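Position 276, counted from 1, in the sequence shown is what the working numbering calls 276; the numbers after and before it change by one each time, with no gaps.
Calculated from the structure, these hints are not laboratory results.
Be careful, since some hints might not be right.
[What the hints assert, rightly or not] Within a straight-line C-alpha distance of at most 30 Å, the following computed BS3-like cross-link-like pairs (lysine-lysine) qualify:
#, residue 1, residue 2
1, K90, K198
2, K263, K166
3, K273, K263
4, K90, K176
5, K241, K252
Predicted model, so just to flag it, every value in this text is computed and none were measured.
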Amino acid sequence: MAIIPWVCPQCQEELNQEDLSCNRCGQRWSVWEGIPDFVGDSRVDFYEEKGERYHFPKAFPQRLKTRIAMFFADDDFSTNFYFLERTMRKPGTVLDVGCGGGNMFYLSVGPTVGIDLAFASLKRASAVYPQVARAKVEALPLPNNAFDYVVSTDVLEHLSPTVKDKALSEMTRVLKPGGLMIHICPVDSHHFLMRWAKRFPELYQRYFIDLDGHEGFETAYALLERFRQQKLRVVRLSIRKGFIWSKWEVIKRFDNEYRQTAKWLDRLVQLAKFLGHNRWINHGVNPILWALDKLLTAYFGLDHAYRVGVCLEKPR
């Protein structure tokens, strides 16, 4: 039994929940292994191999534990979770956009619906969420004003500029008045590593855009302007990662041909790999880097951030 009725993504008419047929436009949507498919094209997709998500324990949202995790960890999901835990304090229905394999924390907030393009991820998410579907974020098969929370993690950077505006419009449509929309994503910036990376356009395209499908990579200011156009009010804006990049991000982006472009960059990658692969040294260094990042980020601000969290409210 669906917790939120499916609607036709083409005409917004409520579907026959038994066979997913639309009485208005005549469209009938397929179901694959119990998962509704509102996309209709081939299930082979770039994201089929990249749809894994971290499953935070349902009992984990305790402030002390999340602070400790953020303090000692050098990963995105710890800082992501702390931001989500601070913003999703009241119970309510949740839409997880780009749900991947699912996130059990959302279930502690309320009934959760997950949508994604990757069918393999949705099969995993169906074991976590009571309702999932393969759907495009710019054509949501969900009714108006249905959710208290609409959440995306690492999604907006994958959407092209034209699709992104339509997607934000759709997410706003299904959000209840007074509901919260939460986005966590990497952003473009004037950070010195980003500026260096862009000096080599082919490498930048390969390792910053194409590697993860970041065709909608843009600055935090550009994102905020898009939110303003949707008449969404910023409730909380947080720089999740600022001036000091995580060791794994440095390795991911620069442990390649970039190392040949400058000696200092080669040494930075070597240092990141040394710290990252020595567990106890890594745990000892992380609190120092975390504190230093807080100080530097407070000075440099959004201009040098590479990961942000934004909580927005839909007007009542």
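Verification of the supplied hints:
no.: 1; hint: K90 - K198; result: violated, 42 Å
no.: 2; hint: K263 - K166; result: violated, 44 Å
no.: 3; hint: K273 - K263; result: holds, 15 Å
no.: 4; hint: K90 - K176; result: holds, 14 Å
no.: 5; hint: K241 - K252; result: holds, 16 Å
Hints 1 and 2 from the earlier list are contradicted by this structure; the remaining hints agree with it.
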